[in-house]
Amino acid sequence: MTQGIFLPLNFNSLWYLGLSTLSLILLFYVYFKTKNYRSLLLFLGMVGIGYSIEYIIYVLLGSYEYDPNIISRDAYYDNNMGALASNLLTLPATATLIAVFRLNWIVIAIITGLIVGIEWLFLKLGIYRHYWWRFEYTAFGLLVYYGFAKAWFTRLMRPLKGISHSLTLYFITWALCTMQFVPISLFNSRYYNLGWFENRSHDTTAFSSLFGMFTSIFSVWVLKLKWKYSWLKYIFSAAVIFGVNIILQIIGVLHSLVWWDFWYCSGVNLIIIIIVDVSSKRLWNGPNQLLR
Numbered sequence: 001m002t003q004g005i006f007l008p009l010n011f012n013s014l015w016y017l018g019l020s021t022l023s024l025i026l027l028f029y030v031y032f033k034t035k036n037y038r039s040l041l042l043f044l045g046m047v048g049i050g051y052s053i054e055y056i057i058y059v060l061l062g063s064y065e066y067d068p069n070i071i072s073r074d075a076y077y078d079n080n081m082g083a084l085a086s087n088l089l090t091l092p093a094t095a096t097l098i099a100v101f102r103l104n105w106i107v108i109a110i111i112t113g114l115i116v117g118i119e120w121l122f123l124k125l126g127i128y129r130h131y132w133w134r135f136e137y138t139a140f141g142l143l144v145y146y147g148f149a150k151a152w153f154t155r156l157m158r159p160l161k162g163i164s165h166s167l168t169l170y171f172i173t174w175a176l177c178t179m180q181f182v183p184i185s186l187f188n189s190r191y192y193n194l195g196w197f198e199n200r201s202h203d204t205t206a207f208s209s210l211f212g213m214f215t216s217i218f219s220v221w222v223l224k225l226k227w228k229y230s231w232l233k234y235i236f237s238a239a240v241i242f243g244v245n246i247i248l249q250i251i252g253v254l255h256s257l258v259w260w261d262f263w264y265c266s267g268v269n270l271i272i273i274i275i276v277d278v279s280s281k282r283l284w285n286g287p288n289q290l291l292r
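Residues 1 to 292 in the numbering used here are what the sequence shown lists, from first letter to last.
Errors might be hidden in some of the hints.
[What the hints assert, rightly or not] Per label pair, the in silico range of CB-to-CB distance:
1) L7 to N199: 13 to 21 angstroms
2) I250 to A151: 26 to 34 angstroms
3) F101 to I5: 35 to 43 angstroms
4) K124 to N199: 35 to 43 angstroms
5) F187 to I251: 22 to 30 angstroms
6) P159 to W221: 19 to 27 angstroms
7) G243 to A109: 48 to 56 angstroms
8) N199 to V107: 39 to 47 angstroms
Just so you know, the hints here were simulated from the structure itself, not pulled from any lab data.
None of these values were measured; they are calculated from a predicted model.
Glycine included, each C-beta is placed from N, C-alpha and C at the ideal position.
Could you put together the complete structure from these sequences and hints?
So this is what it looks like as structure tokens:
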């Protein structure tokens, strides 16, 4: 089965896998060097921020295209794997490094230059291409992205309340929704039929991302409600998401292709809301000496 999903290691995939591995090493270094739980929350939050930006410029507006040659059966889902290497790993990992170690703007400029350099290299190697995107947009966007990460981490080191607490939970939840997206790309477990784009996989990516955003909003709302029994919010959330999937299938938007699809999505939603609930309490109470 694995051979049918993934292409053999090749020139393109080695570059993307190498970059992803370095990003993971960097993230592990930041966490184990500081033992700061909030560094992981910042990382997830920056993933959510990146997804929100990419939804507009990459999914809807077709700014650029990745060519990692990882997935064999679908070119657009293969494209998505390249996007994950960037937005799930490289950019949030470097943002976490900058924020947690409070690196100055000279170092930020150097890291921005390195990322733009990698983008240029991938372009020259033919494993990535621009459409209307430009290197200047990358450089400016990264400076804003890294500056925001620094400010956000400073805020995370104090107890969060109100809108800042809700927004942080939203972006963390949105990042964790990756667990729902990846099986669609790898196993073709479902697709959405909206007719927004000519390519069905593009259509599915656009709608599943939008669905993930609304799921994140719903999950944060559920967590903010007062519950007599904590376990009820978990069951309620999973049941509602399951019900929405049923409705989408009945009206012909969702087409589930494997028997485990509905159960997997409901189970992952349950796991996500439990993780976010634990994170919510940590953020609300603020750092302590034992686990920051």
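Okay, the hints, checked on the actual structure:
1. Checked against the hint of 13 to 21 angstroms, the pair L7 and N199 passes, with Cβ atoms roughly 19 angstroms apart.
2. Checked against the hint of 26 to 34 angstroms, the pair I250 and A151 fails, with Cβ atoms roughly 45 angstroms apart.
3. Look at F101 against I5: about 38 angstroms separates their beta carbons, and that is inside 35 to 43 angstroms.
4. One distance hint, 35 to 43 angstroms for the beta-carbon pair K124 and N199, is violated here, with the actual separation near 27 angstroms.
5. Take F187 and I251: their Cβ atoms lie about 24 angstroms apart, and the range 22 to 30 angstroms holds.
6. For P159 and W221, the hinted distance range of 19 to 27 angstroms is satisfied, since their beta carbons lie about 21 angstroms from each other.
7. Between G243 and A109 the C-beta distance comes to about 49 angstroms, which sits within the given range of 48 to 56 angstroms.
8. Between N199 and V107 the CB atoms are about 40 angstroms apart, so this pair conforms to the stated range of 39 to 47 angstroms.
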